[in-house]
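Novice: Each chain is listed here by its residues.
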Amino acid sequence: MATQTTDQRPTKAATTRKRREGTTGARWWREVSWRYLVALVMIAICVLPLLYVLSAALNPGGRLVGSNDLFGTVAADNFAELADRGFWGWLRNSLVVCTVTAIGTVLMGAAAAYAFSRFRFRGREKGLTGLLLAQMFPQTLAFVAIFLLLLTLADVFPALGLDSLLGLICVYLGGALGVNTFLMYGFFNTVPRELDEAAKIDGATHAQIFWTIILRLVSPILAVVGLLSFISSFGDFLIAKVVLQHQENWTVAVGLYTLAADERTAPWGVFAAGAVVAAVPIVLLFLFLQKYIVGGLTAGSVKG
Amino acid sequence: MSQQTIAPDGEQAPPQPPPRARGRAGDSSPARSFSRGFLVKLALVAIVNALALYGLLTAISVQQWALAASMVVAIVAVNWAYFSRRALAAKYLLPGLAFLFVYVIFTACYTAYVAFTNYGDGHNSTKQDAIEAILAQNEQRVEGSQAYPLAVVSQDGELGFAVVRDGQAEVGTAEQPLEPADGATVEGDRVTALPGWDVLDFAAVAGQQDAIVALRVPVSDEAADGSLRTQDASTAYVYESVLEYDAAADTMTDTSTGVVYTPDDHGSFRADDGTALTPGWKVTVGFENFTRAFTDERLRGPFVEVFLWTFAFALLSVLTTFVLGLFLAVVFNDPRVRGRKVLRSLLILPYAFPAFLSALVWKGMLNESSGFVNEVLLRGADVGWLTDPWLAKGSIIAVNLWLGFPYMFLVCTGALQSIPGDVLESARMDGASAWRVQRSIVLPLLMVSVAPLLVASFAFNFNNFALIYMLTGGGPNFVGTPVVVGHTDILISMVYSVAFESGLKQYGFASALSILIFIVVGAISWWGFRRTRRLEEL
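Protein sequence lines correspond, in order, to chains A and B. Here the first sequence stands for residues 1 to 304, where the numbers follow UniProt numbering. Here the second sequence stands for residues 1 to 538, where the numbers follow UniProt numbering.
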């Protein structure tokens, strides 16, 4: 693949240049111009709802009625009111839950991938297949059982039971192996074994090899997995809604849902302000790292 | 890429030296060297052990035997893995596996188990608990029974009653039956002070009136002995159950009417005329939950509609997003279009915006009376985008298209770029038209890499709870069904409604529906898996 592109690049660039120069006048209008028209329409469709949210966030009117005048009035009142609704607490909960989940997912997934990649043990092949099979039953389908499990756990470990952020983190960590292990396993296999052999001869233990050599060399995939885990737990609504019961424990997804739930009485402006605050960092992160995320997407999570 | 991930271990992996031959393993026993890493490990394992031991003891005290057993397994597994020299791989696998077992595998199995029970509101616990609850709930004041001057007391926020019975001061709470209170100060026939307890004054009583009237303090461990209750917080009476449980015959008898209730096979005491006592208890009901959706008259119609709509929704979601994504990818793959990087960033904005927020924003924009679409785009039209059954379905597909096409666009763009240029070149030389090249060469080659993603996308949309719940909440609802379901509900949102939102919580039925979804999605994923393998072999 890599050699192919380097071979082709000069010719490709040459044809591109030739085509660009060659397509002018009528031919350009016929073959290229409509593509810009499509682009214009699609960009409008993509951006309009986002502009609408931004406009509603800046509109101090507050209700759904009257939020339609795009950027008619601009004020920061809604952002100020977020505090009264408990939004910042939800955001803090979300950040805590997603960060801890991301770190835990990366560590546990990396450890498992290391074991599968470097050790030969009984049941290794079966373990890999088993992981794939376990992943077939998505956690979203088991939310009733998760609810009942946490209900029972609450009697013994209240900190892990219903309505606890730690309990929610543990549920998310249940999916830490699965897809991530496969993603990382492939990457770990590309790290030459000679490196750990050499370290072993120098007297390094397997733990030292894992922490100081392997984890540094595979850091790109760790970042991707961590990020994907962060974004997916940030966007989870179903399990968070089932687990978290009291308002002060909600995550952003559960909290903002309640703000927008009833159209007639919803504090629409406040919701929009919250949506902007919650989404902008995620969107920027996404755009900034899009090429890594796209790679990870095709290998793992899906939306749409 | 996928081949790369699976293939290399065969050729690249030199045989791992057996653990015993490892370097200087023989003389560097961790127990003797006490390296920093060993101390960290020791501390972590100690913490896990302590927590698990605490869990074990608590589980035994609340009689959660399954939990206690799993704690024992956890303790053994952790100590074996981290102190044995042979369990090298287990050291790295254990943390992840522990979470996987508890929160994925166990919950999956538990879902299957619950699906065969009538677990839910009214059937939450064991038969013994149900009997006690029934006896307690059907208590009446015993006619002409003695009145006890009462002192309402509290301890750490828990309310209790203190009375003088047969010359002996006694105290009890809802949890703890009456027992002799040592050191109580009795003035007249009333307790006025009690060590370890606060005797509530008038103001405190007034503040918690409802809780005090609702409080029942069992007279003894026997539910049949009745309990103390009060109406005015100054006098307590003995209440006894109008129902009487006959342990030998296993029946409940109403002492006031003489009606006899016998246990039925659905975990309830039921009289001959069909009336049942609540609560009941949890029993296994076989495949009833699975067949219920097909046999219950009032449920069958809506269920079939939900079932079909789930398929239609998932299929249309994949189809529409893929077609639009592919179209855009082909359109903008032309090197003559400038600024494609910027274009791509703008087109993936809907994908970068968290999906649950998009759904809520669209819900506002599509609002019938004051949404942006009706008010501004359609100049004040009155279209019920989310309230008309068919329009709501259309809106869901459209919003999902908005959410999902960027993903397909990205994927297709990537796949198009990996199609070798010389193949296309030679097709063009052979005189194939642009359309023909797309259809006969680009699409088949594209499908090899994209098909698994389409299957995954189908599986995802089949369970796309957030979109449905946020956008329409499943509505508009069907009328006259025993659970709250609507025209746009898909199976997973129906499960949620059955489990948590339909008045009576029916965990058993909800779990059965979950299993049904799993079977459908699993079968389709498996089929897709096989198909894509065949595509790869081409």
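Calculated from the structure, these hints are not laboratory results. Heads up, the beta-carbon is just placed ideally off N, CA and C, and yes, glycines get one too. There could be a bad hint or two in this list.
In silico lysine-lysine, BS3-like type, Cα no more than 27 Å apart, as pairs [stated by the list, open to error]:
hint	chain 1	residue 1	chain 2	residue 2
1	A	Lys200	B	Lys505
2	A	Lys200	B	Lys91
3	B	Lys91	B	Lys41
4	B	Lys127	B	Lys393
Restraint-style ranges between C-beta atoms, simulated for each label pair [said to hold, decoys possible]:
hint	chain 1	residue 1	chain 2	residue 2	range
5	A	Val96	B	Phe287	38 to 48 Å
6	B	Phe287	A	Ser219	48 to 58 Å
7	A	Ile103	B	Asp254	14 to 24 Å
8	A	Gln245	B	Ala203	45 to 55 Å
9	A	Ala207	B	Trp527	35 to 45 Å
10	A	Leu132	B	Glu244	50 to 60 Å
Novice: Take the hints in turn and mark each one as holding or not.
Specialist: Verification of the hints:
1. Between Lys200 (chain A) and Lys505 (chain B) the alpha-carbon distance is near 58 Å, which puts this suggested pair outside the 27 Å criterion.
2. For the proposed pair Lys200 (chain A) and Lys91 (chain B), the alpha carbon gap of about 18 Å is at most 27 Å, so the pair holds.
3. Note on Lys91 (chain B) and Lys41 (chain B): the hinted pairing holds, with a Cα-Cα distance of about 11 Å set against a maximum of 27 Å.
4. Taking the CA atoms of Lys127 (chain B) and Lys393 (chain B), the gap is near 45 Å; set against the 27 Å cutoff, the hint is violated.
5. Here the CB-CB span from Val96 (chain A) to Phe287 (chain B) is close to 43 Å, well matched to the stated 38 to 48 Å.
6. For Phe287 (chain B) paired with Ser219 (chain A), a C-beta distance near 51 Å keeps the hint of 48 to 58 Å intact.
7. Between Ile103 (chain A) and Asp254 (chain B) the beta carbon distance is about 60 Å. The supplied range of 14 to 24 Å is therefore violated.
8. Distance hint for Gln245 (chain A) and Ala203 (chain B): a CB-CB separation of about 32 Å, inconsistent with the stated range 45 to 55 Å.
9. Taking 35 to 45 Å as the suggested C-beta distance range, the pair Ala207 (chain A) and Trp527 (chain B) conforms, at roughly 43 Å.
10. Range check, Leu132 (chain A) to Glu244 (chain B): Cβ separation about 57 Å, and the 50 to 60 Å hint holds.
Checked against the numbered hints above, the structure breaks hints 1, 4, 7 and 8 and satisfies the rest.
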